[in-house]
Amino acid sequence: MTTTAASEGALVSIPHLLARNVSAFGDKPAYREKEFGIWQSWTWREAEAEIRAIALGLLELGVEKGDFIAIIGRNRPAMYWSMVAAQMCGAVPVPLYQDAVAEEMAYVLEHCGARFVIVGDQEQVDKVIEVQETVTGIDQIIYHDRRGMRKYDHTHMNALGDVQATGKAAHERFDKELDARWQSLGYDDTCVMLYTSGTTGRPKGVVLSNRNIIETSKNSAEFDNLLPGDEVLAYLPMAWVGDFIFSIGQAYWTGFCVNCPESAGTMMTDLREIGPSYYFAPPRIFETQLTNVMIRMEDASRFKKWLFHTFMAHAKEVGPKLLDGQSVSGMDKLKYALGNLFVYGPLKNTLGLSKVRVGYTAGEAIGPELFDFYRSLGINLKQLYGQTEASVFITQQKDGEVRSDTVGTPTPGVELKIADNGEVYYRSPGVFVEYFKNADSTTDTKDAEGWVATGDAGFIEPETGQLRIIDRAKDVGKMADGRLFAPKYVENKLKFFPNILEAVVFGADRAMCTAFINIDLTAVGNWAERNNIAYASYQELAGHPQVLATIQSHVEEVNESVAQDEMLSGCQIHRFLVLHKELDADDGEMTRTRKVRRRIVEEKFADLINALYDGSETVSTVTEVTYEDGRKGSIKATLELRDVKVLADQQQIAAE
Amino acid sequence: MKDMADGYITEDGRKIGGVMMEMKNITLRFGGVVAIKDISFDIREGEIRAIIGPNGAGKSSMLNVISGFYHPQEGEVWFHGKKRPSMKPYQVAQQGIARTFQNIALFEGMSVLDNVMTGRLTHMKTNMFQQAIWWGKAQAEETAQREKVEKIIDFLEIQHIRKTPVGRLPYGLKKRVELARALAAEPKLLLLDEPMAGMNVEEKEDMSRFILDVNDEFSTTIALIEHDMGVVMDLSDRVVVMDYGKKIGDGTPDEVRNNQDVIDAYLGVAHD
Chain A
1 MTTTAASEGA
11 LVSIPHLLAR
21 NVSAFGDKPA
31 YREKEFGIWQ
41 SWTWREAEAE
51 IRAIALGLLE
61 LGVEKGDFIA
71 IIGRNRPAMY
81 WSMVAAQMCG
91 AVPVPLYQDA
101 VAEEMAYVLE
111 HCGARFVIVG
121 DQEQVDKVIE
131 VQETVTGIDQ
141 IIYHDRRGMR
151 KYDHTHMNAL
161 GDVQATGKAA
171 HERFDKELDA
181 RWQSLGYDDT
191 CVMLYTSGTT
201 GRPKGVVLSN
211 RNIIETSKNS
221 AEFDNLLPGD
231 EVLAYLPMAW
241 VGDFIFSIGQ
251 AYWTGFCVNC
261 PESAGTMMTD
271 LREIGPSYYF
281 APPRIFETQL
291 TNVMIRMEDA
301 SRFKKWLFHT
311 FMAHAKEVGP
321 KLLDGQSVSG
331 MDKLKYALGN
341 LFVYGPLKNT
351 LGLSKVRVGY
361 TAGEAIGPEL
371 FDFYRSLGIN
381 LKQLYGQTEA
391 SVFITQQKDG
401 EVRSDTVGTP
411 TPGVELKIAD
421 NGEVYYRSPG
431 VFVEYFKNAD
441 STTDTKDAEG
451 WVATGDAGFI
461 EPETGQLRII
471 DRAKDVGKMA
481 DGRLFAPKYV
491 ENKLKFFPNI
501 LEAVVFGADR
511 AMCTAFINID
521 LTAVGNWAER
531 NNIAYASYQE
541 LAGHPQVLAT
551 IQSHVEEVNE
561 SVAQDEMLSG
571 CQIHRFLVLH
581 KELDADDGEM
591 TRTRKVRRRI
601 VEEKFADLIN
611 ALYDGSETVS
621 TVTEVTYEDG
631 RKGSIKATLE
641 LRDVKVLADQ
651 QQIAAE
Chain B
1 MKDMADGYIT
11 EDGRKIGGVM
21 MEMKNITLRF
31 GGVVAIKDIS
41 FDIREGEIRA
51 IIGPNGAGKS
61 SMLNVISGFY
71 HPQEGEVWFH
81 GKKRPSMKPY
91 QVAQQGIART
101 FQNIALFEGM
111 SVLDNVMTGR
121 LTHMKTNMFQ
131 QAIWWGKAQA
141 EETAQREKVE
151 KIIDFLEIQH
161 IRKTPVGRLP
171 YGLKKRVELA
181 RALAAEPKLL
191 LLDEPMAGMN
201 VEEKEDMSRF
211 ILDVNDEFST
221 TIALIEHDMG
231 VVMDLSDRVV
241 VMDYGKKIGD
251 GTPDEVRNNQ
261 DVIDAYLGVA
271 HD
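Quick note, the sequences are listed as chains A and B, same order.
The numbers in our numbering rise by one with no breaks, and the one at position 594 of the first sequence is 594.
The numbers in our numbering rise by one with no breaks, and the one at position 5 of the second sequence is 5.
Bound-form chain A, shown alone (with noise of 0.2 Å):
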């Protein structure tokens, strides 16, 4: 029936690769949950029959092509199926942030019109009913999760068991109906589509077609020569379109096995039992895992000290070489042999990266300290550019080519130019369709070549093709006296500073530049109590005056090395503050995947950053902030301005 072998050419959709995998290896694992201790596992034809049940009972409850359907919820077996399911009946899968509020899925619901939302637990039905209140046009819930569900209505609701169920039952009815929908996907039919967190704005829904899905996924996993034997973590939100990449689209490209933590408190045991062998993370983890690392090595002895310390000085010298082939003296690669018995091995198995083979950052800029780090260890880490608009891969760089201040070479099949503002465009078979009901931005976008603006400022390095990124386009500007301001250079330099967590830094058309600063709670945290600063909140700790006198020396430090830049020498920070908050994607201040709205920020706290240019020494202010739950509530806090060395700018000393 379904297991029909299809051939190379005929690879067209996801439910394609499907039957293909489940003919090609349908005994290997393609899907392992750990759910009850235990790792539960899938092979590739046990899939199958879980997706086909899934799509059957979705037929039976009156899915038709081409209708909506959203997915919210962690990443579970369960919820992959649910979009390979919405596939194969010809329905769109749509997924949507699990930790978002409401009011947001509101948006995104009433935009796509879906008329089915499948669901993980209680926690989603329950913001779907508050959704219905203004959004009518959703028919169905089907939720995952029992618990806690009994007392619902169940009239327009179904827990996906009991539609598995049905769809088993009525199988005889709808298995020719499901062959004819899913045989029927076309190459240029779209596959998914997702909302892009939007820094500005509302949201967008970016529609990909299979075309731009499966050639990304197998120009990219040729270029990482990616096996059906690899195996990843997902744990990464399921609407970020790298997920989808990742856990979807190579995943059934190449035929690997995706697997699904516990909880996400438990996802750090789960990558050190399944040990993926492609991985991913956003820099902001592999920060949390050195943090951690760190932190245990203080409580450490002095013998285990001087080891982690004295073979982690070697390796920092030694390990990237390794990695990238070039030759090294038989003492030095003796000893980085030794380091790995003693200190690398068990590290790496310590953070479950002993296996990775390919690992991959990306999002935001890494700092090169944090990238080396991971890098001497002999952990394959790498940098990758790339957006939802593209199917995530612009660029990418090749093993033995990695530096922490490029973003890597084109991915096989894309096309970059870089236009006379500096802005960044690319051309791939990854290339959107289009934003949904949203011509007029498609059109901004994209133009009538399919060159896409990325909105990013860089340039290509002539020496080694490689791209830099600087910063966001629009985000780029000139201060007051003309010079250039770019603001995220500055934030990333910060940021690579255990103790700050986030930065803002202001500065277009002003005289000069000023910071907000978010501490990080674990590092700073931990520092406190190792120094016996007793402290009874976040904002408690914030504001004290060590704590500000910590993050003063980091600016500083910061302003140094702004000032060898020659075209970035203005936007050395003058003043700055530390936040009494941090920023939070429930208060607006940030998108889901933690980028920071520039824009809602300098509205929110305009008092604070008048007083950054005023001169007051401190300000006292009022901010709303949202609680989990949705409810609001407010913060005082009396914050104090610090002021910082600036060093002359080097032209000027020149003319002087």
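Quick caveat, the hints were computed from the structure, so don't treat them as lab data.
Small disclaimer: the values here were computed from a predicted structure and weren't measured.
Check the hints yourself; a few may be wrong.
As the list claims (entries may be wrong) - Below 27 Å or equal to it, Euclidean Cα-Cα: the simulated DSS-like pairs (lysine-lysine) are:
{"id": "1", "chain 1": "A", "residue 1": "K316", "chain 2": "A", "residue 2": "K304"}
{"id": "2", "chain 1": "A", "residue 1": "K398", "chain 2": "A", "residue 2": "K316"}
{"id": "3", "chain 1": "A", "residue 1": "K151", "chain 2": "B", "residue 2": "K148"}
{"id": "4", "chain 1": "A", "residue 1": "K304", "chain 2": "A", "residue 2": "K335"}
{"id": "5", "chain 1": "A", "residue 1": "K316", "chain 2": "A", "residue 2": "K335"}
{"id": "6", "chain 1": "B", "residue 1": "K151", "chain 2": "A", "residue 2": "K34"}
{"id": "7", "chain 1": "B", "residue 1": "K163", "chain 2": "A", "residue 2": "K304"}
{"id": "8", "chain 1": "A", "residue 1": "K218", "chain 2": "A", "residue 2": "K355"}
{"id": "9", "chain 1": "B", "residue 1": "K174", "chain 2": "A", "residue 2": "K34"}
{"id": "10", "chain 1": "B", "residue 1": "K151", "chain 2": "A", "residue 2": "K151"}
{"id": "11", "chain 1": "A", "residue 1": "K636", "chain 2": "B", "residue 2": "K204"}
{"id": "12", "chain 1": "B", "residue 1": "K188", "chain 2": "B", "residue 2": "K15"}
{"id": "13", "chain 1": "B", "residue 1": "K204", "chain 2": "A", "residue 2": "K632"}
{"id": "14", "chain 1": "B", "residue 1": "K148", "chain 2": "A", "residue 2": "K34"}
{"id": "15", "chain 1": "B", "residue 1": "K163", "chain 2": "A", "residue 2": "K34"}
{"id": "16", "chain 1": "A", "residue 1": "K151", "chain 2": "B", "residue 2": "K15"}
{"id": "17", "chain 1": "B", "residue 1": "K88", "chain 2": "B", "residue 2": "K246"}
{"id": "18", "chain 1": "B", "residue 1": "K188", "chain 2": "A", "residue 2": "K151"}
{"id": "19", "chain 1": "B", "residue 1": "K137", "chain 2": "B", "residue 2": "K125"}
{"id": "20", "chain 1": "B", "residue 1": "K163", "chain 2": "A", "residue 2": "K355"}
{"id": "21", "chain 1": "B", "residue 1": "K15", "chain 2": "B", "residue 2": "K83"}
{"id": "22", "chain 1": "B", "residue 1": "K246", "chain 2": "B", "residue 2": "K37"}
{"id": "23", "chain 1": "B", "residue 1": "K204", "chain 2": "A", "residue 2": "K581"}
{"id": "24", "chain 1": "A", "residue 1": "K348", "chain 2": "B", "residue 2": "K163"}
{"id": "25", "chain 1": "B", "residue 1": "K204", "chain 2": "A", "residue 2": "K151"}
{"id": "26", "chain 1": "B", "residue 1": "K163", "chain 2": "B", "residue 2": "K204"}
Unchecked claim - Anything over 12 Å on all C-beta distances counts as not near chain A; from chain B, calculated:
{"id": "27", "residue": "V19"}
{"id": "28", "residue": "G109"}
{"id": "29", "residue": "A138"}
{"id": "30", "residue": "M233"}
{"id": "31", "residue": "D237"}
{"id": "32", "residue": "N259"}
Unchecked claim - Quick list of the computed label-pair ranges, beta carbon to beta carbon:
{"id": "33", "chain 1": "B", "residue 1": "P85", "chain 2": "A", "residue 2": "A165", "range": "44 to 52 Å"}
{"id": "34", "chain 1": "A", "residue 1": "A300", "chain 2": "B", "residue 2": "Q94", "range": "41 to 49 Å"}
{"id": "35", "chain 1": "B", "residue 1": "Q94", "chain 2": "A", "residue 2": "T522", "range": "45 to 53 Å"}
{"id": "36", "chain 1": "A", "residue 1": "E133", "chain 2": "B", "residue 2": "R29", "range": "57 to 65 Å"}
{"id": "37", "chain 1": "B", "residue 1": "R209", "chain 2": "A", "residue 2": "E624", "range": "23 to 31 Å"}
{"id": "38", "chain 1": "A", "residue 1": "E298", "chain 2": "B", "residue 2": "D114", "range": "26 to 34 Å"}
{"id": "39", "chain 1": "A", "residue 1": "K645", "chain 2": "B", "residue 2": "R168", "range": "38 to 46 Å"}
{"id": "40", "chain 1": "B", "residue 1": "R168", "chain 2": "A", "residue 2": "D162", "range": "40 to 48 Å"}
Positions of the beta carbon are idealized from the N, C-alpha and C atoms, including for glycine.
We have chain A; now place chain B onto it with these hints.
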């Protein structure tokens, strides 16, 4: 007992059955001190029943009478329509009554998993010797018990601390582990002694949700002592109020709230 209704449906649609446990004229003395004086009340099947009162009112003593730890000098305890003879606590546990403690009584050096496993002891059939040899029957039994325990770990969302020694956990989580251990015994009646004491608002909210879920999901009858009036009034179906070892009120949260004796006991009254 016959004159009582066989049960009713609560506002939120839960089914409350007939009387499960009845305390008849209980009096408990420690030497000359009368801890409980002639108290009668009942607990119905499927109900969340709270016992409240000022400090020293005799609430914990009452819970200890129910759990069989104290034996009252006067009065009778009826369970499932039968008069309960004087029992040892483990015999009471075998009858399907489990409890948590006011000051957490977990094995600090053992992992969360092992602590919860001890809750399954009453359900284990192999003896200590068989378990020590760890072959055949004992191993199969442990696997089966582990499965039940894992379901509870999943239910109370403590997967991330499964292998962590209890001693290293913060207070709020310890309380949750204790609840997990009590639940592992699959009790019909669950006794909670101040489940929210010393918790912050968020932890209290979580704990309240778990208590409601336990009641809903496993149809477990719950009797709890709690000082946080907001929690008590929100959670419970009926409330017993004690003061100086006497019962001064009994009824739904609304009835109790408007009871003059209760108001006096809590706010104090001028003795003239």
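Evaluation of the provided hints:
no. : hint                         : in the structure
1   : A:K316 to A:K304             : holds (18 Å)
2   : A:K398 to A:K316             : holds (20 Å)
3   : A:K151 to B:K148             : holds (24 Å)
4   : A:K304 to A:K335             : holds (17 Å)
5   : A:K316 to A:K335             : holds (12 Å)
6   : B:K151 to A:K34              : holds (13 Å)
7   : B:K163 to A:K304             : holds (25 Å)
8   : A:K218 to A:K355             : holds (23 Å)
9   : B:K174 to A:K34              : holds (24 Å)
10  : B:K151 to A:K151             : holds (21 Å)
11  : A:K636 to B:K204             : holds (25 Å)
12  : B:K188 to B:K15              : holds (15 Å)
13  : B:K204 to A:K632             : holds (19 Å)
14  : B:K148 to A:K34              : holds (16 Å)
15  : B:K163 to A:K34              : holds (15 Å)
16  : A:K151 to B:K15              : holds (12 Å)
17  : B:K88 to B:K246              : holds (25 Å)
18  : B:K188 to A:K151             : holds (21 Å)
19  : B:K137 to B:K125             : holds (9 Å)
20  : B:K163 to A:K355             : holds (24 Å)
21  : B:K15 to B:K83               : holds (25 Å)
22  : B:K246 to B:K37              : holds (5 Å)
23  : B:K204 to A:K581             : holds (23 Å)
24  : A:K348 to B:K163             : holds (21 Å)
25  : B:K204 to A:K151             : holds (23 Å)
26  : B:K163 to B:K204             : holds (24 Å)
27  : V19                          : holds (24 Å)
28  : G109                         : holds (20 Å)
29  : A138                         : holds (19 Å)
30  : M233                         : holds (20 Å)
31  : D237                         : holds (16 Å)
32  : N259                         : holds (30 Å)
33  : B:P85 to A:A165: 44 to 52 Å  : holds (48 Å)
34  : A:A300 to B:Q94: 41 to 49 Å  : holds (48 Å)
35  : B:Q94 to A:T522: 45 to 53 Å  : holds (46 Å)
36  : A:E133 to B:R29: 57 to 65 Å  : holds (59 Å)
37  : B:R209 to A:E624: 23 to 31 Å : holds (26 Å)
38  : A:E298 to B:D114: 26 to 34 Å : holds (30 Å)
39  : A:K645 to B:R168: 38 to 46 Å : holds (43 Å)
40  : B:R168 to A:D162: 40 to 48 Å : holds (41 Å)
Going through the hint list in order, the structure satisfies each hint without exception.
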